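Colleague: When we follow my numbering, the leftmost residue of the sequence shown carries the number 35, and every step to the right adds one.
Treat the hints with caution; some may be incorrect.
Derived CB-CB ranges, DEER-like [claimed, not checked]:
(1) 120 to 82: 42 to 52 Å
(2) 48 to 146: 16 to 26 Å
(3) 122 to 85: 24 to 34 Å
(4) 91 to 49: 36 to 46 Å
(5) 163 to 129: 35 to 45 Å
(6) 152 to 193: 15 to 25 Å
(7) 155 to 73: 18 to 28 Å
(8) 194 to 91: 46 to 56 Å
(9) 47 to 138: 13 to 23 Å
(10) 133 to 82: 15 to 25 Å
(11) 122 to 75: 50 to 60 Å
(12) 194 to 41: 12 to 22 Å
(13) 63 to 43: 13 to 23 Å
(14) 193 to 169: 42 to 52 Å
Computed list of lysine to any residue pairs in SDA-like fashion (alpha-carbon distance at most 20 Å, straight line) [to be verified]:
(15) 88 to 76
(16) 88 to 143
(17) 121 to 191
(18) 88 to 77
(19) 47 to 183
(20) 47 to 80
(21) 88 to 63
(22) 88 to 183
(23) 183 to 158
(24) 88 to 158
(25) 183 to 139
(26) 47 to 60
(27) 47 to 180
(28) 88 to 139
Hints in this document: simulated from the structure, not taken from any laboratory. Keep in mind the model is a prediction, meaning the values are calculated, not measured. We put the beta carbon where it would ideally sit given N, CA and C, even for glycine.
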Amino acid sequence: PSTGFNLPLEYRKNGIRIGDVGIINSSGLFDFLFNVCLAADHPINSNRVPEGFKPLPLPDHQNIFNGRVTEGFGIYRLGVPSDYNFKCTGHEGAILILPEGSYREDLHAIGIFRGYASRNGESWYHYANSVRCREAVNGSLHLVTGCHKSTAWALGAFAHSSSS
């Protein structure tokens, strides 16, 4: 997804990352608020953090899986396309094409983030609602623990209605 121009330039360079806190807005986009792994004065946070904020140091690289996404469950590597045709036999479905592949980063030490979120969640909601005016309801804040990124993609979806 594209990042908003109102976000710090440093954030717009790489987009969403592990430690980001935000809301999925009505357009389905991630509305970034702050990153828990960075200092309040880091260019990405730009001192836009909850009162009393103390960052959670990002776990060492042994607790983070990162690398290129290759073949696996539901992921198939296809040759260089000149023209693809897909046949759909179900009533609904979707296909995502990543012609340049994708990059994956996932946190293994989820418990560290879960505990931190539990201790700080109330102040996060206060910040989102009172300072940033987001009207975040309980359960609507998200703490990013992993992401997949790609520089190019194509998406197709279909749904057939049945007359019976």
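Colleague: For every hint, state whether the structure bears it out.
Modeller: Hints, verified against the model:
no., hint, verdict
1, 120 to 82: 42 to 52 Å, "44 Å, holds"
2, 48 to 146: 16 to 26 Å, "22 Å, holds"
3, 122 to 85: 24 to 34 Å, "52 Å, violated"
4, 91 to 49: 36 to 46 Å, "21 Å, violated"
5, 163 to 129: 35 to 45 Å, "38 Å, holds"
6, 152 to 193: 15 to 25 Å, "39 Å, violated"
7, 155 to 73: 18 to 28 Å, "20 Å, holds"
8, 194 to 91: 46 to 56 Å, "50 Å, holds"
9, 47 to 138: 13 to 23 Å, "19 Å, holds"
10, 133 to 82: 15 to 25 Å, "36 Å, violated"
11, 122 to 75: 50 to 60 Å, "51 Å, holds"
12, 194 to 41: 12 to 22 Å, "39 Å, violated"
13, 63 to 43: 13 to 23 Å, "18 Å, holds"
14, 193 to 169: 42 to 52 Å, "31 Å, violated"
15, 88 to 76, "12 Å, holds"
16, 88 to 143, "19 Å, holds"
17, 121 to 191, "12 Å, holds"
18, 88 to 77, "16 Å, holds"
19, 47 to 183, "13 Å, holds"
20, 47 to 80, "15 Å, holds"
21, 88 to 63, "26 Å, violated"
22, 88 to 183, "28 Å, violated"
23, 183 to 158, "26 Å, violated"
24, 88 to 158, "12 Å, holds"
25, 183 to 139, "9 Å, holds"
26, 47 to 60, "24 Å, violated"
27, 47 to 180, "18 Å, holds"
28, 88 to 139, "23 Å, violated"
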